[in-house]
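Residue numbers (numbering that gives the first Met the number 0), protein chains in the order written: chain A, 0 to 138; chain B, 0 to 138; chain C, 0 to 138; chain D, 0 to 138; chain E, 0 to 138; chain F, 0 to 138.
Hints may contain errors.
To be verified - Each pair of labels, with its calculated beta carbon distance range: (1) E:Asp80 x D:Glu28: 19 to 27 angstroms; (2) C:Asp80 x F:Glu28: 15 to 23 angstroms; (3) E:Asn131 x C:Pro40: 32 to 40 angstroms; (4) C:Ala76 x D:Arg77: 57 to 65 angstroms; (5) A:Asp80 x B:Ala24: 51 to 59 angstroms; (6) D:Val73 x B:Glu119: 48 to 56 angstroms; (7) D:Arg75 x F:Ala23: 43 to 51 angstroms; (8) A:Ala23 x C:Asp69: 53 to 61 angstroms; (9) D:Asn114 x A:Ala76: 55 to 63 angstroms.
Honestly, the hints are just simulated from the structure, not real lab data.
Yeah, the Cβ is synthetic: ideal placement off N, Cα and C, and Gly gets one too.
Listed here are the chains, written in short residue letters.
Number of protein chains: 6
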Amino acid sequence: MTQAGRAYFGRRYLISASHRLHSAALTDEENQAAFGRCNNPHGHGHNYVVEVRVAGPVDPETGMVVNLADLDAVVRARVLDRFDQGNLNCDEAFRNLVPTTENLCRVVFDILKPNLPAGELECVRVEETENNSFEYYGG
Amino acid sequence: MTQAGRAYFGRRYLISASHRLHSAALTDEENQAAFGRCNNPHGHGHNYVVEVRVAGPVDPETGMVVNLADLDAVVRARVLDRFDQGNLNCDEAFRNLVPTTENLCRVVFDILKPNLPAGELECVRVEETENNSFEYYGG
Amino acid sequence: MTQAGRAYFGRRYLISASHRLHSAALTDEENQAAFGRCNNPHGHGHNYVVEVRVAGPVDPETGMVVNLADLDAVVRARVLDRFDQGNLNCDEAFRNLVPTTENLCRVVFDILKPNLPAGELECVRVEETENNSFEYYGG
Amino acid sequence: MTQAGRAYFGRRYLISASHRLHSAALTDEENQAAFGRCNNPHGHGHNYVVEVRVAGPVDPETGMVVNLADLDAVVRARVLDRFDQGNLNCDEAFRNLVPTTENLCRVVFDILKPNLPAGELECVRVEETENNSFEYYGG
Amino acid sequence: MTQAGRAYFGRRYLISASHRLHSAALTDEENQAAFGRCNNPHGHGHNYVVEVRVAGPVDPETGMVVNLADLDAVVRARVLDRFDQGNLNCDEAFRNLVPTTENLCRVVFDILKPNLPAGELECVRVEETENNSFEYYGG
Amino acid sequence: MTQAGRAYFGRRYLISASHRLHSAALTDEENQAAFGRCNNPHGHGHNYVVEVRVAGPVDPETGMVVNLADLDAVVRARVLDRFDQGNLNCDEAFRNLVPTTENLCRVVFDILKPNLPAGELECVRVEETENNSFEYYGG
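Work out the full structure, taking the sequences as your base and the hints as a guide.
Listed below in C-alpha cells is the structure:
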C-alpha cells in the first residue's frame, strides 16, 4: 500500500441564506454598477452548497482521514447553526465585508481552519448556483 | 409517425430570491412551531429552479411544441424580471399568502397559464433544494 | 389564486444498503441467468435515493402540503432507521420477496401509505443508480 | 404486499449526435426565424439523454418489471447503434421530418413501442440539455 | 480575515456543437482505429460544458475576484458566439488540429488567457459528457 | 497553440459494492464508536463513482491524452470486473485493511498506477454519496 500519497476528504453541506450586495466603500451609483440587481435593498437568496475539503494521512486503524460524525459536529456548531436559514448581512463577520460568495468562502475557511477534529483544512468551496463556484485556499 | 400521442416540453429557469415564512393567520408561537428557523425576521434565501412544462401537439412544419425563444421571452418578462434577485415577501402576490415554495409554484402557474405563446401549461415544478420539489397542476 | 389545482411535494432521502438478488422460486441456474453478477453470494450495495411524493391541498394558513419536519420524522422512524446502513436480505419484508429495487419501492410505499402526517402518498420513486429508477403508485 | 399498484422502470441512455434544424416546408427566411443559429448549414450537436420508461407488473419470481440486460440489448440494437455518434439528418426517419428533439423523442418511441422484451412502453423522455427536456406518450 | 490565501472563481457555460474526429496525419484505417464511430463522415455532436476558472485576489471593495457580467461578456463575444451551435471542424482553429475535446479545451484556454477582465486564467475544464472531462492549465 | 501546458483527462466509472466497516485493531466497542451503523455485521452498500484522472501531453496526431477505449479496457479488466457487484470485505486487498472509501481509493490508485495505456495517473477520486468524496494522489 502506497504510504507517501496525499489523501483528501470532501464533504458537502447546504446553507440557505439571503444577502444583499452593497459596499460601504462605494457610492450608490457604484454599488448599482458593480452589483446590479443584487444590490436591491430587500436582498435575495441562495442555496449555498459548501464543500469542506480536509487533507491528511489515512489513519491505519480506522481507514479514515477524519471521522465524518466529528467533522459534521464541528461544521454544524460553527457554520450551519450560524448561517443557515439566516441573512448574511446580519452576521458580524459581514459588518465590514460585502457578503459575496467569495467572502462567505473566506469566512467559512477562517472559522473552520483552527477547529478541525483531524487532518488539515485544504480549502472551502462554495457553489452559489450550479454554474458559479468559488474556492478559497489558505495562504 | 404516431399522431395521437401526447408531447411535453419542459424548460428550467433559475430564480434566486429571499423569503421569510410567516403567516398573519397564526400567532408568533404558532408561526415558530410551523416554520422553525424559516420564520426568522431577517429571512433567508434559495435558488429556486422553476420548470415550466408545456403540453401540445408537435407542429408538423417546425417540429416543435413551442418555440423556445418565444417561451423564454414570456417567462423572462412575467416571472424572472419580477421575482429573480428579489424578496418574495415584497411582491404583491404574497401580500396575503405565505411565500412557501408551494405558493410560489401556484403563483407562477397562475401567471403563465393565460400567457403561453403556444401549447398549454401542464404544470409548474419548483425545486427549492436538490432534495425538495413541488409541482402544481391547474384544476 | 387557483383553488382547484393539484399540488405535490417531493422529498428525497438516502438509503445505503446491500442486497443479493436471489429468488427461492428459481434454480441456481435460473437465478444466475436472471440476475447475473447481482446473484453473487456476498451481495453488493447501492445508495438508493428514495423520493416520497405527497399529494394534497395547500393549507391556506401554512402554505404547505405537509410539514417537512413531520414528514421527515415519519420517514426516519419507519424507513431510514430500518433500512439505511443495513442488508435488505436480512429484513423480514424480504423474507419471501427478492430484494430488487422494484420491490424495495413497493415495500416503502406500503409502509408509508397509512402513516403520512398530512396529504396522501402518491408514489415512491427509488433511484438505484443515476441511470436506473423505479416508481410505484398504489392501486 | 399491494398488488393492484402500477410500477414503472426508467432507464437512461446517451446519444451523441449532430443535427441541423431545417424544414423543407419553410422558406430560408422562415427557417432562420424559427430555428435561429440551429439552422446553420454545418449543423451542431448534443448529448441527448434518452430515458425509456416501461410500465408493467412486478414479476413475482424475479421481482422485476423488465430484465435490464434484455432491455439494454433491444435499445442498443435498435436505437443506439442507429443514432449514436451520427448525424440525425442522415437517418431515413428524418427524411421528411425536422430533426428537433421533439421528433427524435417520437421516433424513438415508435421504434421501441412494438419491441420491448417485457412490460409496456409508457413514454420516452429526451433531455437535450440540462435545461430542456421532452416527453412523448403514445396515443 | 486571511489575506494571503488564494481564491478562485469558476463559471460554467454551454456549447452545443458538432465535430468529426479525423486526423490528416493518419491513414483512413488509422483514423478508424483511433476514433472508431467518432470518425464517421457526417460527424456527431455534444453539449460541451465549459468551465472557466479565474484566480486572483478578492477585491476589498467589491468582494469579487472578477465581475460576473464582465467575464460573461468576454466569454460570449470570443467563445460562445464563435463555437456554440456550430461545427468545430469548420472553425479555423481546427484547420490543422483534430477537434477532440482536449484540443477544444486548449483552444478556449488560448483565446481567453490574454483577454480576462480581471484575475488570471487558471484553467479551462470541458465536460464532454457527464462521464468524460478535460482540463487544461497553461504552461 | 500553447505547448507547455498541462492537460488532464477524467473518466468516471461506477462500482456497486457492499462493505462492512470493522477494524481488527479495534475492540468491538471501539469499532462501534468509530463506525457507528456502518459496523453492523451484515454490511451495507454504495454506488461508488470512481473517477480516474490521467495527466499527460496531448498527442499531436490523435489530439488525445489517452485513448478512451484503451483506458476503459484496463479499468474494466483490473478494477470493475474485480470489485463491481461484489463485497469489498471479500477481496484480498482488504484482508488487513478496513474497506473505507479512503482505502478503496488508495487500492484503485495502486492497481492502476503501473498499468495505464498512456499518460500518468494523477489521482483517483471516489464519490461515496453525492455529499462525500475522496481523492488520492500518489506520493
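Do the hints match the structure? See the list:
no.	hint	in the structure
1	E:Asp80 x D:Glu28: 19 to 27 angstroms	22 angstroms, holds
2	C:Asp80 x F:Glu28: 15 to 23 angstroms	22 angstroms, holds
3	E:Asn131 x C:Pro40: 32 to 40 angstroms	35 angstroms, holds
4	C:Ala76 x D:Arg77: 57 to 65 angstroms	46 angstroms, violated
5	A:Asp80 x B:Ala24: 51 to 59 angstroms	29 angstroms, violated
6	D:Val73 x B:Glu119: 48 to 56 angstroms	33 angstroms, violated
7	D:Arg75 x F:Ala23: 43 to 51 angstroms	45 angstroms, holds
8	A:Ala23 x C:Asp69: 53 to 61 angstroms	43 angstroms, violated
9	D:Asn114 x A:Ala76: 55 to 63 angstroms	57 angstroms, holds
In summary, the structure is inconsistent with hints 4, 5, 6 and 8 from the numbered list given earlier, while agreeing with the others.
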